[in-house]
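Chemist: Residue-level listing of the chains:
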Amino acid sequence: MAALESIQKIQAQFGTAISGPSEFRGERTLTLADPDRILELCQFAKRQLGFDYLVDLSSVDNYGEDPRWTLVYHLRSLKRGEELRIKTSVSEEKSELPSVLEVWRTVNWHEREIYDMMGIRFAGHPDLRRILMWEGYPYFPLRKDFPLAGKPTDLPGVAFTRPAPLEGGPFVTLPGGGDATGREPRVRTPED
Amino acid sequence: MQTKSEFGYDSKIEGDVVVTTVDAALNWFRANSVWPMPMGLACCAIELMAAGASRFDISRFGSEVMRFSPRQSDCMIVAGTVTYKMASCLKRIYDQMAEPKWVIAMGACASTGGMYRSYAVLQGVDNIVPVDIYVSGCPPRPEAVLDALIKLQNKIRTQPVLKNLNVLNRFTAPAIS
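Residue numbers (the numbering used here), protein chains in the order written: chain A, 17 to 208; chain B, 2 to 178.
Errors might be hidden in some of the hints.
Said to hold, decoys possible - Straight-line C-alpha distance at most 27 angstroms; calculated DSSO-like pairs for lysine-lysine:
hint : chain 1 : residue 1 : chain 2 : residue 2
1    : B       : Lys152    : B       : Lys92
2    : A       : Lys167    : A       : Lys103
3    : A       : Lys160    : B       : Lys86
4    : A       : Lys167    : B       : Lys86
5    : B       : Lys156    : B       : Lys92
6    : A       : Lys167    : B       : Lys92
7    : A       : Lys95     : A       : Lys160
8    : B       : Lys102    : B       : Lys86
9    : B       : Lys102    : B       : Lys92
Stated by the list, open to error - Negatives, chain B to chain A, calculated, CB over 12 angstroms:
hint : residue
10   : Ala46
11   : Tyr85
12   : Tyr95
13   : Thr113
14   : Tyr117
Simulated from the structure, these hints should not be mistaken for lab results.
None of these values were measured; they are calculated from a predicted model.
Virtual Cβ for every residue (Gly too), placed ideally from N, Cα, C.
Put together the whole structure using the sequences plus the hints.
Modeler: Encoded structure:
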C-alpha cells in the first residue's frame, strides 16, 4: 500500500494534473491528466520518493470511448514495501507518449510489447521494434477491434498468417458456480 | 585367389553370406539410424526429452543422436506450438536438412494448432512442411513418440532408394551440360 505521504508529495508537486487517489482493496491509484508529463512524474517518483522498481507497465483499450488508450504504471519501493499505481490516458489520434526508459531500464521490453500489441508509440525509446510479432506485420492484435482468429497477411519470404478456424467460437468457460458440465468451454455470447 | 590367407573370408567364423537387394540394405541402415532434429517449441519437448532419457530410451531404436544441427539430422520432430513468427525459422531449418528427411508432428499443436485458435499460431505444421507421422496427445506420452518412430521406420523400409537417386541425377544434370 502506498503511504499517503508519498501521494501528498506528488500532489504538491503536480497540483491539478493529478487526480485521486482512488482506493481499491488497499491499493491506491493516481491518475495523471496530461500523458506528456508521465516522464516528469516517473522521475519524481523514483528520485524524490524512492520508487525504485517498476513492477509492470500495461495498457488498456477502452474501445468506443475517448481517450481510447489507458496506460498503467505499477510502481514499488523495495526499501519501504510501498506500491503505487499511476494511470494516464492517451487519445487514439495521438497514440504517443514519452518513454520512461531513462527512469527504469526494465521498461524497454514492456514498451516494445505495448507498441507491438496496441500500437501506442513511446517517444524517445531507442529501439521501438515489434517484439512478439515479426517486423512488417501490419496489425496490432490486442486491440479490441481485431478478431481473435486473426486476419490474412502475407509478407513473402518472411511470414504469413491465415485466420484460425474458430468453428463458432471462441470457446469460453463459465467461471464460478455450476458443476463441471455447466462450466465447460462453450460458445458464449456476452448476453449469456 | 589365395585361399590359405588368414585375411580371407571364413564362413565358419563370419557366418553365412546374406543376400539382399541394395534397396533393402540401404533402408535397413536408414531406418535404424534416424537422427532426430529436436524442434522443441513448447511442453511437448519435455516429453521428447523423457523419450530420450533412460526410462523410455529412444536409443533402442537407433535414434538417440539428437542433432541440433539441421545438416546432421534426418527427422525433424516438431514438438510444440508453432507460432507464425517461428514458422519461418522452422521452414528454414527444414530446408537446410539434407535429403532424405522426414517430419514427425508431435502433439496437438504441431498437428493442427491444438487449443491455440488464435492470430499468432500456425494451424498445423503441415501448412509449411510435409509431415510423415502425426502424433496425438497434449502432450503425447513418450511411448507415443516411440510408436511414431517405429511407424516412421516401417515407412522408411518401404521407400525405394535407388529410384530416388534418379531424382538426384536430375538435379545434377544441368550443371554437367
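Chemist: If a hint holds in the structure, say so; if it doesn't, say that too.
Modeler: For each hint, the structure was consulted:
1. At most 27 angstroms may separate the alpha-carbon atoms for a hinted pair to count; Lys152 of chain B and Lys92 of chain B meet this at roughly 23 angstroms.
2. Under the criterion of a C-alpha separation no larger than 27 angstroms, the hint pairing Lys167 of chain A with Lys103 of chain A is inconsistent with the structure, at around 31 angstroms.
3. Between Lys160 of chain A and Lys86 of chain B, the direct Cα distance comes to roughly 22 angstroms. Compliance with the 27 angstroms bound is thereby established for this hinted pair.
4. Among the hinted pairs, Lys167 of chain A with Lys86 of chain B is consistent with the structure: their alpha-carbon atoms are about 15 angstroms apart, no more than 27 angstroms.
5. At most 27 angstroms may separate the alpha-carbon atoms for a hinted pair to count; Lys156 of chain B and Lys92 of chain B meet this at roughly 23 angstroms.
6. Our distance criterion of 27 angstroms between C-alpha atoms is met by Lys167 of chain A and Lys92 of chain B, whose separation comes to about 21 angstroms.
7. At most 27 angstroms may separate the alpha-carbon atoms for a hinted pair to count; Lys95 of chain A and Lys160 of chain A exceed this at roughly 38 angstroms.
8. About 23 angstroms separates the Cα atoms of Lys102 of chain B and Lys86 of chain B, which keeps this hinted pair within 27 angstroms; it holds.
9. Only pairs whose Cα atoms come within 27 angstroms are accepted, and Lys102 of chain B paired with Lys92 of chain B is accepted, the gap being roughly 13 angstroms.
10. The Cβ of Ala46 of chain B sits about 20 angstroms from the closest Cβ of chain A, beyond the 12 angstroms cut-off, so the non-interface label holds.
11. With a least beta-carbon separation of about 5 angstroms from chain A, Tyr85 of chain B fails to lie farther than 12 angstroms from that chain, contradicting its non-interface assignment.
12. Once the 12 angstroms rule is applied to beta carbons, Tyr95 of chain B is consistent with being away from chain A; the minimum gap is 15 angstroms.
13. Annotated as non-interface, Thr113 of chain B brings its C-beta within 12 angstroms of a C-beta of chain A; the closest such distance is 9 angstroms.
14. Under the 12 angstroms C-beta cut-off, the non-interface status given to Tyr117 of chain B relative to chain A is violated; the minimum distance is some 8 angstroms.
Going through the hint list in order, the structure does not satisfy hints 2, 7, 11, 13, 14.
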